[in-house]
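Undergrad: Take a look at the letters that make up each chain.
Number of protein chains: 8
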Amino acid sequence: MPDRKTSKKPVLIFMGSENDHEVMREAVLILEQFAVPCEMRVSSAHRSPKRTIALAEKAARQGTKIIIAGAGAAAHLAGVIAAHTTLPVIGVPLDSSPLKGLDALLSTLQMPAGVPVATMAVGKAGARNAAILAIEILALHDARLRAKLARYKKKLAQSVEQKERLLRKSANKSD
Amino acid sequence: MPDRKTSKKPVLIFMGSENDHEVMREAVLILEQFAVPCEMRVSSAHRSPKRTIALAEKAARQGTKIIIAGAGAAAHLAGVIAAHTTLPVIGVPLDSSPLKGLDALLSTLQMPAGVPVATMAVGKAGARNAAILAIEILALHDARLRAKLARYKKKLAQSVEQKERLLRKSANKSD
Amino acid sequence: MPDRKTSKKPVLIFMGSENDHEVMREAVLILEQFAVPCEMRVSSAHRSPKRTIALAEKAARQGTKIIIAGAGAAAHLAGVIAAHTTLPVIGVPLDSSPLKGLDALLSTLQMPAGVPVATMAVGKAGARNAAILAIEILALHDARLRAKLARYKKKLAQSVEQKERLLRKSANKSD
Amino acid sequence: MPDRKTSKKPVLIFMGSENDHEVMREAVLILEQFAVPCEMRVSSAHRSPKRTIALAEKAARQGTKIIIAGAGAAAHLAGVIAAHTTLPVIGVPLDSSPLKGLDALLSTLQMPAGVPVATMAVGKAGARNAAILAIEILALHDARLRAKLARYKKKLAQSVEQKERLLRKSANKSD
Amino acid sequence: MPDRKTSKKPVLIFMGSENDHEVMREAVLILEQFAVPCEMRVSSAHRSPKRTIALAEKAARQGTKIIIAGAGAAAHLAGVIAAHTTLPVIGVPLDSSPLKGLDALLSTLQMPAGVPVATMAVGKAGARNAAILAIEILALHDARLRAKLARYKKKLAQSVEQKERLLRKSANKSD
Amino acid sequence: MPDRKTSKKPVLIFMGSENDHEVMREAVLILEQFAVPCEMRVSSAHRSPKRTIALAEKAARQGTKIIIAGAGAAAHLAGVIAAHTTLPVIGVPLDSSPLKGLDALLSTLQMPAGVPVATMAVGKAGARNAAILAIEILALHDARLRAKLARYKKKLAQSVEQKERLLRKSANKSD
Amino acid sequence: MPDRKTSKKPVLIFMGSENDHEVMREAVLILEQFAVPCEMRVSSAHRSPKRTIALAEKAARQGTKIIIAGAGAAAHLAGVIAAHTTLPVIGVPLDSSPLKGLDALLSTLQMPAGVPVATMAVGKAGARNAAILAIEILALHDARLRAKLARYKKKLAQSVEQKERLLRKSANKSD
Amino acid sequence: MPDRKTSKKPVLIFMGSENDHEVMREAVLILEQFAVPCEMRVSSAHRSPKRTIALAEKAARQGTKIIIAGAGAAAHLAGVIAAHTTLPVIGVPLDSSPLKGLDALLSTLQMPAGVPVATMAVGKAGARNAAILAIEILALHDARLRAKLARYKKKLAQSVEQKERLLRKSANKSD
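Residue numbers (full-length UniProt numbering), protein chains in the order written: chain H, 1 to 175; chain B, 1 to 175; chain G, 1 to 175; chain S, 1 to 175; chain C, 1 to 175; chain E, 1 to 175; chain L, 1 to 175; chain F, 1 to 175.
These aren't lab readings, by the way, just hints derived from the structure by calculation. Treat the hints with caution; some may be incorrect.
As the list claims (entries may be wrong) - A short list of chain G residues far from chain C (calculated; beta carbon distances all over 10 Å):
| id | residue |
| --- | --- |
| 1 | K8 |
| 2 | M40 |
| 3 | S48 |
| 4 | K50 |
| 5 | R61 |
| 6 | S97 |
| 7 | H141 |
| 8 | R146 |
| 9 | K153 |
| 10 | S159 |
| 11 | R165 |
| 12 | N172 |
Claimed, not checked - Derived SDA-like pairs (lysine to any residue); straight-line CA-CA distance at most 25 Å:
| id | chain 1 | residue 1 | chain 2 | residue 2 |
| --- | --- | --- | --- | --- |
| 13 | C | K58 | E | R51 |
| 14 | F | K148 | H | E164 |
| 15 | B | K124 | S | E18 |
| 16 | F | K153 | B | E57 |
| 17 | E | K58 | S | K148 |
Because the structure is a prediction, the values reported are computed rather than measured. Cβ coordinates follow ideal geometry from the N, Cα and C atoms, glycine included.
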């Protein structure tokens, strides 16, 4: 596995369908914010299985460190990828069937012993957190990312306080 | 695809773990009752993915007509097989996690358009019905199987009546 | 049972209500794409039970090979039909109650041993897959259908790749 | 429909399998307590459908006033009976699959408009209440039953008080 | 209890909130169609409990034969009424919380032994069926209602056939 | 309302059935540990409704400050009590049906606006927490109880640490 | 802990995000109606944990008597606050993820023994009831609030009756 | 953050209660198998919150790279830890309430954007996979671990094949 410095794109993002793009780009936006390069692929566990497996298998050789996979319904995508790599795989269950994501959640999460998928919340919150988790992993060996993460965490807290101030102002005005 | 007459084993039964054998042999027992040869394989979608795919891909060439796959938890087995064959795939969700089979049910059933899995009930009833469905499919071109199925169906009804008689007798006795 | 060649309509599609038509015609469109003739009937397990049973019972004699049944809520339609035929019955649970199809799913799937219903995903994906499964079954004895299925499967994979290219283009443009 | 006085057995109890007898006899015991004659039949909606329908159709002619039907899993029994009679049908969902009766509950309850099933709680409480509801219906035109029901209701309340006394005694003893 | 002939309004319909009126009037419309008089009351098990109980207790004395109660969320209305009467009580769970009626369904259905509530499907189908069940009960001693029910059942079946014809016509046109 | 000092039993504990005693006595044990007197009553919302209401209505007059109510299935007990008092009512859903307490949970929790029930976790943890919550409320005006609560909270934390030490010791021994 | 009379704001309302304001202000409106001062804070258990804990820890010292906390998804807010105070904590689960509040409900309710959260219904009904419960607790030592609560309860019942009258009028008009 | 080579214990395992030890030691056993040192702590998010936070906050400084947290019911442990560190946090939901782990699953998984928890399957499979995921992350910068992981993955597949052979043998014997 090449060193991270020589690898251009440490994060590889899969989605099972082009319809999942609106949700999964939330992950891309977070990674861009941290200047972590990523590549996005549309590939289905069921409709294009060979390509999915091929992409999963060569990921480590091409310098990928972490794979994120978002899929809905019988969401096998993350699990199938995890079966063909020893890279950490992060799964994002999507709400794309009448069952509101419960199917995707259980299909992604309930992996058998030996083949983990790091499962995130259903939908956009999960897509964003997949990116944060990837950054947390990369930051274990990247002091600059660690510093950025610390700032990000501080801003999260500050943003909550700021929104409280805005809310109070508007509440006072509406009195 | 070879003609059924020359094929020794038209039904191929997969299970994701040897622990699933107790349930999946219910399918074997039904097939034996109808004298339909079958072969049983233990192969996991996640722990032995390459072998699972290889077995799925060569099934049609070896005369298999129908594949039955039983798995629990994030039950991807039937779906992964269906992704690598155009044979009919029958899925049996198993109750092998604290979530009582709801996870296996949704993981097996909620397949995306283009890659169907004929899903059965959770557990032993599902394993038996997978065999019956396979026989119904084979019977479409096998008059002897059709006759057997008709007899089986008649016996199902007779057995209900017979059990009613036994129940009434024992109910009378206990008066 | 007449030979498939003499039978004009090997697939019979039931729906429990005319409101289910929008979903169930997805199955018709797939069958038309494969030039597999089908007939569509509106008949309810509960509101027109005698007619449903009569249609189910005579299906085999009229050359039907596979029955597809879509219904919502306490979706008994596929199960009632399966009780009156030995043809393979494919069930499509529909999302037509406040419970979002979970009721239809369990009512269709959890059949007792002896009377299988090949259950598909809830809604349109399920309706499409019911047609594909029917075609997979018919293809067991129809080399032309087998060839079409192989092409269909290839196109599924190609379509995923193509959509990836379009997505990347539009992603680049929006940069 | 014959008058209740000439009818020997105003209540007809169906169960889908002899395994359901342990639960459904709770209904019989309650009916015996109120001296309301009943008949018990084992008949499945799926395994012996014709007999089930025949029994349902002739029930009204034979003096049955109320039908109780207990079944598990894809519990179609009450709904199928309701489709073939205009007598009131009471459904008891049974806990006989890994899904703990949720499947039977939704399959029994979610009937389409026009064909009601009066659904009771899952299991023994439901079986007992099916008998009470049947008695409440019969009591609408039977002053003696109304008096018995009033006494039963009083005893329910007294029994709660009595059990409180026993509990307090034993609690005091254990101090 | 007065004889039905002297009673003007054999059916009493409760709803827990005026917001439930849109759904519960479906029951009224069916009862009007069968010329069965009914009275509608808005009364909550929790917000106006004394009045609810008073209405429930005097219902039998005022000639009510059957009580229908529709409520959402922690739907105690039907159960509370059933605790204060020996008339048959029919419960309609309503979809009025984020949990989509699952809360109302379980709160209405899972009554303890001794105090049954005849539970219907969630929402409008349930409201309609509550009326039909009430009519089925009244018809046990009313030959004219029995005849109307038989016609209603026949029309249900005919309406399904008619809708099939319309669907086929419009399907042919769109070809 | 009498002052707490003159009231002997500020906490009144209801359970819907004597079978619930094993769980609800967990609340009693906690209250005894804090020397808060309580009274226990068995009274059902459905089987002894008048008595339940009478007890609820007179509770405030008799010096009760907080009511705890534990019930299973369609657990209306806490809600019915809350409808007849303005004292704080704490509900404990019990796991006493095949649905594992989900029915009791939703029946207790989903109260309409205006009539709150402070709902606790399902089962023994919930019964214990009902007692703690009652103590927290009483402690608002009782400095000694506040001090005891502070010690209890400290001990909770210490107990966790102690158990860690024991675990580590036994883990070392088993090496 | 200061006496309530000297404390300006006995109720402290937390929400996990400014997006929860629309629901949580329902609690504020009820408290204002009862002239109970409250303070509102936006603070997240996960994004601003230190501030949340600091606010929780100093609440009692600043005269807060009751804390209300509303949060969605993995709703840890009420539980985290309860871990850092011995004041009564009321939790309001919010419907802010695809899982419709079921996640927030279970995350808020299922607290371990020792650390209770008084959980309310999902959404606006829950927010209103959190305020009523807080008032019920404060009323235990405030005769004026007790009188107000009694009036409020009476008005709840009257409002139901009034709405019935309006409904009947408009029903008559539409005849 | 110290380099991994100097750090003795890169993995820190939390459990919320000593009762969780039986499940969480599955993670320890896997880590031992890979010779990855770990430390185990019993600390509750609710009962010993300060200590939990203190341990979480100092983890990074002490050389911890990955935190695993197992908890049941309202399983806030992983989320609370994640709120106080930027290390990757892996959550294992445990089945320790009547709701069978569904509560722990949703409480662990549905984290808000910004604070991810890498959630594993419920119970022992999840505990084992937490260890594997931790190893996959450490292996990104540890060639020896990568080689071990590759061997582990190969053995997983071989073990499946071996179990198939044993199953076939015993199946043949039992003929």
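Undergrad: Could you work out which earlier hints the structure fails to respect and list their numbers in ascending sequence?
TA: 2, 3, 4, 6, 14, 17
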